[in-house]
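S.K.: In the order they appear, the protein sequences are chains A and B. Converting from the first sequence to this note's numbering requires adding 1308 to each position, the first position being numbered 1. Under this note's numbering, the residue at position 163 of the second sequence is numbered 160, and the numbers go up by one with no gaps.
Hints are computed from structural coordinates only; laboratory data are not their basis. What you are looking at is a predicted structure, and each value in this text was computed from that prediction instead of being measured. Heads up, the beta-carbon is just placed ideally off N, CA and C, and yes, glycines get one too. One should not assume that every hint holds.
Said to hold, decoys possible - Here are the in silico distance ranges between beta carbons for each label pair:
(1) A/GLU1594 - B/GLU402: 26 to 34 angstroms
(2) B/GLU495 - A/SER1313: 34 to 42 angstroms
(3) A/LYS1525 - B/GLU458: 29 to 37 angstroms
(4) A/THR1319 - B/ASN477: 38 to 46 angstroms
(5) A/ILE1589 - B/ASN477: 45 to 53 angstroms
(6) B/PRO396 - A/GLU1607: 23 to 31 angstroms
(7) A/PHE1557 - B/ASP434: 27 to 35 angstroms
(8) B/GLU403 - A/GLN1584: 53 to 61 angstroms
(9) B/PRO58 - A/GLN1587: 44 to 52 angstroms
(10) A/PHE1557 - B/GLU458: 26 to 34 angstroms
Unchecked claim - Counterexamples of contact, computed for chain B against chain A with all Cβ distances above 12 angstroms:
(11) GLY12
(12) TYR86
(13) GLU100
(14) ASP115
(15) PHE122
(16) ASP123
(17) ASP135
(18) ASP192
(19) MET196
(20) GLU261
(21) ASN485
(22) PHE552
(23) ASN594
Said to hold, decoys possible - Which chain A residues face chain B? A few, computed with CB under 10 angstroms, are given here:
(24) SER1310
(25) GLU1331
(26) GLY1383
(27) HIS1388
(28) GLU1599
(29) THR1611
Residues per chain are reported as follows:
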Amino acid sequence: MSAFSAIGEETEQDQNEFTPGLEPQPTWCPGCGDFGVLKALKGAAAELGLSPDEMMVTTGIGCSGKLNSYFNSYGFHTIHGRSLPIARAAKLANPGLTVVAAGGDGDGYGIGGNHFMHTARENHDITYIVFNNEIFGLTKGQTSPTSPMGHKSKTQPHGSAKTPLRPLSMSLNAGASYVARTAAVNPNQAKDIIVEAIQHDGFSHVDFLTQCPTWNKDARQYVPYIDINDSEDYEFDNTNRSEASEMMFETENALHEGTVLTGRYYVDEDRPSYQQEKQRIGEMPEEPLAERYFDDSYEWERTFDNFLDKHK
Amino acid sequence: MTDHELIWRIAGGSGDGIASTSQNFAKALMRAGLHVFTHRHYPSRIRGGHTYTEVRVSADPVKSRGDGYNFLLALGDSFARNPSEGAYYGNEEIKPLSENLDELNEGGVIVYDSGLLDASEIEDFDERVEENNWHVYDIDLRTIAREHGREVMRNTAGVAVTCAIADIEPDVIKSLMSDAMPDKILEPNLTVFDDAYEMVQEEYDVEAPDVSAPTGEHDEEQVLLSGSDAIAYGAIDEGCRFIAGYPMTPWTEVFTIMTQNLPELGGISEQVEDEIAAAALAIGASHAGVKAMSGSSGGGFSLMSEPLGLAEITETPLVLVEAMRAGPSTGMPTKPEQSDLEHVLYTSQGDSHRIVFAPGTAAEAYYQTRKAFQIAYEYQIPSIVLYDQKLGGELSNVPASVFDEEPNADLGSVLTEAELEDAPHDDSGKYQRFQHDTENGVSPRSLPGQKGGRYLATGNEHMPAGHISESPENRVAQMNRRMQKVDNIRAELDADGEFNTVYGDEDADLGLITFGSQQGTVEEAADVLNEKGHSVKVLGVSEMMPFPKQQVADFLDSVDEALVVEMTASAQFRGLISKELGGYGDQMSSLLKYNGNPFEPADIVEGFETALLEGEELPDNRTKFVPKVGE
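Looking at chain A on its own, in the form it has when it is part of the complex (with noise of 0.2 angstroms):
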């Protein structure tokens, strides 16, 4: 009998299983974008069936970091930059677990830029949320990675000399199996996005384009949108690579000219996760490790017997 019984069961949920019944509104900024991924997130979460106590969500630094206060699950409100790290491996001590890792543009692509690249790279089965509001909220509106060229700010009084990181190709080149942007404005795509996110056994990599009403009033509020699987304008085969980053590095520069794109840029069900490879190496337990401590019958290796041979 699993120590984890949350994991796996059978359960009808309805969204409001995921609000807190204390203080279940946010204080973020109204209009923010933020409330658009808390929505999304819930309704996938109900859609497939998951229970609060089998989701952990994980979080970094910034407003994104609140959302484990509004969404009711176990959550790991990490320090700037680490969600990643953590996430990765409360996954692989208890694969049956659904990790959601989250935080804004600064926390991933910023200083956890070397986290999310590896993150990636290695196709952990997590999916990764980022807020991405092009700037820093709540440090009060300093230019981030993803800030136009160009941008003022108070850090960045003569406007930002810096091209905007590319957070879309960077995820493809880093490795990521599932790729897609969705924006606030779009709440049915991103609930979607988000199951299958989810769903998919691999990295999942979400730009969630965030408005930040307050401090990037400049910025547009992400609309209209354009769904480039659905539009005939945009015709690319999003599980073949050279397509996608094609049709990335075109989405990218169209944010900076009043072209809001989103959608599924590169979807690979072919690779194996990290997990999976790990054991097809012998180098993970085909049984979720944290199990192991809860059952009695398990015989505990020692020095002892196992290790003390080859110094003899």
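The hints should help you fit chain B onto chain A, whose structure is shown.
M.R.: Just chain B now, kept in the frame of chain A:
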């Protein structure tokens, strides 16, 4: 045979098999019933450069590398750099011979490979040989090796020559070679061995060996292992089945041993992008219910400062090991020092608390690593095992029975789902995982996936269910509770009373105080001092945090004054004692060593007699004396 000690130094270049040859030599002599202790000296370089390993061999237990050495086997350096005189690093080709003469004791033996080394390149070689009464054997080991095998087998030829001169039974070495070497290379190596051995027997008078190996017998079975082995085995026996790390000398050894052993134990090892990730992964795995560890050396540990604080405030059990080397910054990567002490005790923002053990021997490394896990998981606090390149890398024989202990995979203060049903929850259905009032400061945790256990872990100050809170009342309650755990751990360690070591006569007048890996060396120095008529005892401290205030104060109260011995340049350990005890500065002087080499017992004897007792200057800058406050 005689009963005196052999301290054998094999010297050459990195990449020439010095480490494996010396390890086999040490193990063979351990099997023959002797006590052994090794010391490794190597550069941060893959191929070439001044490298040696010493193997001290004695009929009685040994606790350090000893003083100097008495048998040099100088092999060539296959990868020596530019031999021009004016080069930054001088003539490297001759270094296996020239660099090792200063520490060779009077009457010692020199065997050098005349196929690769030319003693006439050393200006005053003959004078020094005569002056020191050294016995020189110039033997073309390379040619012997080439005749029956390959040039690299000159190591084997050198070991055979050692056996012939030092009167070591050839079978002692040959049987170990049979165990250690694959068939393909075993035969030629055995032939090389026999050839070299017979050649010495025929051409030299070895009837009266100049320096010979002792004989002995163990009263119980021994194993040859390093501090790094012992730390890894301690972790494994505590049920640690997850490690994450990034390579860095000298911590890499523990990481490698764990990584090579975990697959057969159904565990997981993760080599990750940096040390921030490494510590964060250990936190993530531990949070999810797996006993986990990470570690690094100074520079990598700097990156762990941030996750360390996160583990503390989220009360996630975390075990780290820190293998010190000489700093600051990249410093001297392969040289030991203890100067990360303050770094490890205090890094990370805020009023942070952790448990730090600094074991003194391989056996202590095993027990203290186990204790570090027990405390981390019971009290939900970071525990750190602090050691250094010396303890991590030196091999010594340890009774096998040390490891004859039951495994303990207990997760500590964790609730089961059944227990969670009766535990307090808030109106959102969240388990109150950080309750204010608990018996010993510990509020038991739940694990993700457990029904009824969900809560929020956060690096922010938080209320009982984990939600962020800046309420003054809550802040003080949570801070006090977390600090209370440290007091309770101190009380538990006092009750155990087994980790700090007092050595010598209780009534001695003078004290030597040290911590971590210097313990054995300091004890040997005390033996010498007492033989010379002084009255000295030793306190070796392993519990660095929470500090054993009472025990250290009692020790200081019982002696007239004390010499604090540590491998730092700024007397960090003495500073710790003064800070923790709020005084005693006028009773403690320091002997420091920070030149890249660990103390030898004679350094301490000299510092004690010359500087502390006689008040005279030390003859050179190998060590530094810092007098007590007021002098």
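S.K.: Taking the hints in turn, state whether each one holds.
M.R.: We went through each hint and held it up to the structure:
no.: 1; hint: A/GLU1594 - B/GLU402: 26 to 34 angstroms; result: holds (29 angstroms)
no.: 2; hint: B/GLU495 - A/SER1313: 34 to 42 angstroms; result: holds (41 angstroms)
no.: 3; hint: A/LYS1525 - B/GLU458: 29 to 37 angstroms; result: holds (32 angstroms)
no.: 4; hint: A/THR1319 - B/ASN477: 38 to 46 angstroms; result: holds (40 angstroms)
no.: 5; hint: A/ILE1589 - B/ASN477: 45 to 53 angstroms; result: holds (48 angstroms)
no.: 6; hint: B/PRO396 - A/GLU1607: 23 to 31 angstroms; result: holds (25 angstroms)
no.: 7; hint: A/PHE1557 - B/ASP434: 27 to 35 angstroms; result: violated (58 angstroms)
no.: 8; hint: B/GLU403 - A/GLN1584: 53 to 61 angstroms; result: violated (35 angstroms)
no.: 9; hint: B/PRO58 - A/GLN1587: 44 to 52 angstroms; result: holds (46 angstroms)
no.: 10; hint: A/PHE1557 - B/GLU458: 26 to 34 angstroms; result: violated (44 angstroms)
no.: 11; hint: GLY12; result: holds (23 angstroms)
no.: 12; hint: TYR86; result: holds (35 angstroms)
no.: 13; hint: GLU100; result: holds (29 angstroms)
no.: 14; hint: ASP115; result: holds (39 angstroms)
no.: 15; hint: PHE122; result: holds (39 angstroms)
no.: 16; hint: ASP123; result: holds (43 angstroms)
no.: 17; hint: ASP135; result: holds (36 angstroms)
no.: 18; hint: ASP192; result: holds (29 angstroms)
no.: 19; hint: MET196; result: holds (32 angstroms)
no.: 20; hint: GLU261; result: violated (8 angstroms)
no.: 21; hint: ASN485; result: holds (24 angstroms)
no.: 22; hint: PHE552; result: holds (33 angstroms)
no.: 23; hint: ASN594; result: holds (26 angstroms)
no.: 24; hint: SER1310; result: holds (8 angstroms)
no.: 25; hint: GLU1331; result: holds (7 angstroms)
no.: 26; hint: GLY1383; result: holds (4 angstroms)
no.: 27; hint: HIS1388; result: holds (8 angstroms)
no.: 28; hint: GLU1599; result: holds (9 angstroms)
no.: 29; hint: THR1611; result: holds (4 angstroms)
The earlier numbered hints that this structure contradicts are 7, 8, 10, 20.
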